[in-house]
Structures are given as structure tokens and as C-alpha cells.
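As given, the protein sequences belong to chains A and B, one line each in that order.
Heads up: the first sequence begins at -6 in this note's numbering, then just goes up one per residue.
Heads up: the second sequence begins at 86 in this note's numbering, then just goes up one per residue.
I should point out that these hints are in silico values taken from the structure, not numbers from a laboratory.
For every residue, glycine included, the Cβ atom is placed at its ideal position computed from N, Cα and C.
Please note: incorrect hints may appear among the correct ones.
[Stated by the list, open to error] Only part of the chain A face toward chain B is listed, based on derived beta-carbon distances under 10 angstroms: (1) Glu49; (2) Val160; (3) Gly278; (4) Lys279; (5) Val282; (6) Asp317; (7) Ile412; (8) Arg413; (9) Val432; (10) Val434.
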Amino acid sequence: MAMKRHVIVGGGTAGLNAITTIREYDRGESEVVLLSGEWPYARMVLPYYLGHEISESHVFTATATRLAKLGVKPHIGRRATALDTKNNKLTLDDGTILEYDDLLIATGSSATRPPIPGANGPRIYNQWAMDDTRGVLAEIKGGMDVVMVGAGFISFTILNSVLSHGVNLHVIEVMPQVLPRMIDREAAILVQDWLRGRGVHIHTSTTVKAIEDVDGRKRLLLAEGGDLMADLVIMGTGIRPNLGWLAGSGIEINQGVLVDDHLRSNVSNVYAAGDVAEGPELITGKREVHAIEPTAMAHGRVVGANMVGRDIAYRGSLLMNILDVQQLDIASFGNWSAADRETSVLLEPRGHIYRKLVWDGDRIVGAVIMGPARGIWTTNDVGMLKGLIYSGVHLGAWKGYLQEHMKDLKKPFVACHVIRDMLPVTVLDHPTVPARDVVAVEPAG
Amino acid sequence: MSKVLKLVPESCTGCMRCEMACSYMQTGTYQPSKSVIRVSPFERHTSYSPYTCFQCQEAWCLAACPVEAISISPAGAKVVIRDQCVGCKLCTIACPYGTIFYDVDTHKAFKCNLCGGSPACAEACPTAAIQWVEEKVQDWQGDFAAERGVIHLVGVPSA
């Protein structure tokens, strides 16, 4: 019998986790084909490369040697152009046609630019892909005026790295606050204050209407009047899932590819994972596109297991983000924005300390937690906060205690048996195996 | 069955020797802030319990790491490979127990590595509140904390 052929489209976090999970189960007893536009790398660690804290090689997640050990047939530098789900055929941009038994759509997202004049001119970079990082690194020099357009999570992941080059940094955000999709206004005010105290210029409620070239520099014209001069512009104005190649495939798409609790699309042998997947959210079960690393990782593992027939139902993704902004720790979980929900808040403006818990009855369904890294408490407590939300524990009488003692998570966490509830939980059906230990073994005979 | 760190909160006196021993083993300094076992009071200041990584089977921290900087040691500990860690903190929000930390001085994650198979905390504990034994890992402190929590929940019947 011919070996089953799994085709993985996309070599990011979701795709690679799917591959290692397939190999963890089948030890090489299937054919795995990886199609990736670039050599796989970890987007999450690009900021550390940008800040010269690690070398470029540290960013790559799958070398040729590694892929060979995993028994993967790579098509690197090629992209998918069409998917024929009736005949199980994938067409690549060089005309190659790959047949598959099952296929994973894990093509990730691309950065977008605002539709304004000059947005695609020289010395303007996104901060999303490896090439963006290389571009910024080639240009950035101490003393430059750098403008970041967009103050979302992606921009903020590189803020420390950009500042480490000794530049004069301006951040422009169209919304009235920084990090509008990660934290609420109260927290954002503290972040803005923290950054201004460290010499960063923050311009909220500000829209760039055009970018011009003036004597080798960039002039950003602002809709509110005035302008800003820059030597380098970094765009963090949004991302969108790479789904164009699925036109005509019959795959159901809303914001992303709609998938069930096994991460299957409407075509049963086609899965989707990571930024392109619109899959179940942990608390509500509603399908959402998260476009975050933890979701891509979990998706990839679940798809890998299901591709080898393990029948793994996914519990759902918990939205979560964490940032270190000039040694101010900021994290949020789940339904932190809390429209029409009961909330409990702790605010210590002088210390830049903020906590918000969002309640559904006596369960926590969302949270914001923030404080200086030197203050220890924030980083110590983010994990327990995740456990309280992920386990869905009913806090009962401890809810009142927590509302009165917002910094004392441990007593309610331990007393409500979150540990007992979480210890048996695994994402797959067995203890996690380190990906680095997984190798394919040639099938016997 | 492999050995685990068994925590017996009823035996803990809050003397903090485990934190001293742990930080000395992990960092070469007596610095409880760098300890990865942490003693907390329960029932105001009459009861204490140590708390550290359960070396859980899901290994949330390990699975979350984007650069495979966490591995499993022969002793069964999930260990941070320092040279590989970039300090992105994804492990700290992935771990649902709050037992992997970020060191602001080294910019790396750090956690219990079971001291290579002979945990200093268990050795240092004078009352056997921390034991290195063959047993199934479990929720060592839950019932203890729940019982002692009643004092904090005055006027509310305990669950």
C-alpha cells in the first residue's frame, strides 16, 4: 500500500508543529511534504535579532538537516497558487502539481500598508517578516529619527529593539490609545506615561495621510495638521491572512478558514491552523481568528495528531498576549475588553500597576495584568491568572476575596483546586514530547 | 514510577530554608527572589506551604517555546536551555501554574530543574515538608488551602 501523503502548506509555527506531531506518532510511516515560501523561522524571536541579542541563525526553526531527520520533502521558496479539493491536487507557482491524501492550510498572515500616498516608498518597512527585519537592520543607526506607524502588539514587540539602537522614536496611533486590541484605556494611559518617561514620543488619535520624500528624509503628513520628519518609517498597521490562493477551492472562508473542533475545514481532508484558521475559542466555543503564536502552536499539534488518525478534539484557543515594554510587563487574556461584563480593577498609577479581572458569575473570563518587571509580582502571577481562566474554575466565595485582594492570586488559585483540575489536562492524548527529540525512523521492510 | 517533589504543607513551618537552598543551587547566591520554590502563607500567618513546578505532563512551557529552548531532563524535569532562550516570556503565560519565571537580570526564563535529580529544597527542609519520593504528582496543597481559606471568607460558608 502506498504511504499516506500529508502536504503542509506553510512552514511557520502551525506547519512545523503539525510536522513534528505527525512524526512523533508515526515515526516516518507517511510521506510529509512541506511547502514554504521561505526557510522556516520563528517570527516571535525576530525582535531579538533586530536588537542584536541573537544571531540570524537563531531565528530559523527548521534547517535542511532537521527536515531530513524528520523525513520531510521540502519545497522551499515556492508558493501555492491553487487548490483542487475535488481531485486532491495542489498547484505551485512553478507549475508543479502535488497530490495529497490530506493537506494543512497554514499560510499565515501578511502585513498590510495603509492606502495613503507614499506608503510604499523607500526606507519604509513593515515589521513582520524576516526580510523586514533585515531591511530595518541595514538602515537603522543611532541618532536617527524613527517613526512607527501603528501602536499595536506587533509594533510593540520591536519597541525595545528599535530603542536599543539609540534612535529618537515617535509612535503614531490612529486610535485614542496604544495597544487598542490588547489592553483597555486605563492600562494604556499607564503605558503611554511609562514610555514618555523614557523619551518615546507617543501620538495617539493621529492619522498619517501621506508620506513624502524630502532631501533624503521622510515627511509624514498628519490628518490632524502638522508633520513629522523621519529617517526611517516602520509600519505596524495590521495583518491579514494569506487566503488568496484558495479562491475557487470550495474551502469555506469567513475571516479565516472555518474549521471544526478537529480543525478540519468543510472539506474533510483539508485542515487549517494558525493565523489563517477561524477555530473554536476556549471559553465561548465561538470560532475566531486569533493570529497569535500560542494558537498557531496548539492548532499545529492538534492537526498533526488528527492527520495520523488520533481523533483529537481541540478544547479551543485562549487569546493571550504578553509584552515587555521597556521593562514594563503587560499581559492580557481572553475577554479582557469586557463589554457588558462585571469587572474588578486594581489601579496604582504611581507604580504603573494595573489589574483587571473580567467575570462571568464566579469565573474569570478575561484579564489585564501590568506592572514593572522589577516589581516581580506581574511575571509571577501571569501563569496563575492563565490557569484560573483556562480551567474555568468556579471561585465561589473566593471571588469576593479576590476582589478585595487583587494581588493575592495564590490563595484562591490553590484553594479552588485549579491544580487538581489542570494536572490531567493534555492538548494531545499523551504527555508532551519535546519537538527537538522527534525524528523519523525509516519504516521497516 | 519516577521521583517527584512531594509537598506536605501541614509540615511546613515557613522557615524559608528551601528558598535559600534553591536560590543557592540555581544561582550561587542566597537570594530567595531567584528561588523557583516559593513559600506562601495561608490562614494569615499560621500556616505555610511551599509551591513549585509540578513537572506536568502537558509541559505547557515546553510546548509554547518558539525556539525549543525547553527540554526534558533525565530526572523528568522540564529545563530551560539558557543559551537557546531569548526571553520572549511566552512560557510564562502558557504555564497555568505560575511556576516558570523571567529573570530581569539575565533576560531568560527560569524554573525548577529538580537540581539534576537531587533537589536542594528537599534536602534543606528540616521538617520533611518537601520530599523527593516515588509517587504520582498531585494537587498537594488544594485541600490544605481550602480548609485554611475559611478564615478569609468570614460570613460565607465554605465550599
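Here is what the structure says about each hint:
The beta carbon of Glu49 of chain A is not positioned within 10 angstroms of any beta carbon in chain B (closest approach about 13 angstroms), and the interface hint is therefore violated. A hinted interface residue such as Val160 of chain A counts as satisfied when its beta carbon comes closer than 10 angstroms to some beta carbon of chain B; here the least separation is about 21 angstroms, so the hint is violated. Annotation: interface hint on Gly278 of chain A violated; nearest CB of chain B at approximately 19 angstroms, more than 10 angstroms. With 10 angstroms as the threshold, the beta carbon of Lys279 of chain A stays out of range of chain B, its nearest partner Cβ sitting at about 22 angstroms, so the hint is violated.
Interface hint status for Val282 of chain A: violated, as the beta-carbon distance to the closest one in chain B is roughly 19 angstroms, over 10 angstroms. Interface hint at Asp317 of chain A: satisfied, since its Cβ lies 6 angstroms from the closest Cβ of chain B, which is below the 10 angstroms cut-off. Because the closest C-beta pair between Ile412 of chain A and chain B is about 4 angstroms apart, less than 10 angstroms, the hint holds. A hinted interface residue such as Arg413 of chain A counts as satisfied when its beta carbon comes closer than 10 angstroms to some beta carbon of chain B; here the least separation is about 4 angstroms, so the hint holds.
Among the interface hints, the one on Val432 of chain A is violated; its C-beta lies about 14 angstroms from the nearest C-beta in chain B, farther than the 10 angstroms criterion. Checking Val434 of chain A against chain B by beta carbon gives a least distance of about 20 angstroms; that is not within 10 angstroms, so the hint is violated.
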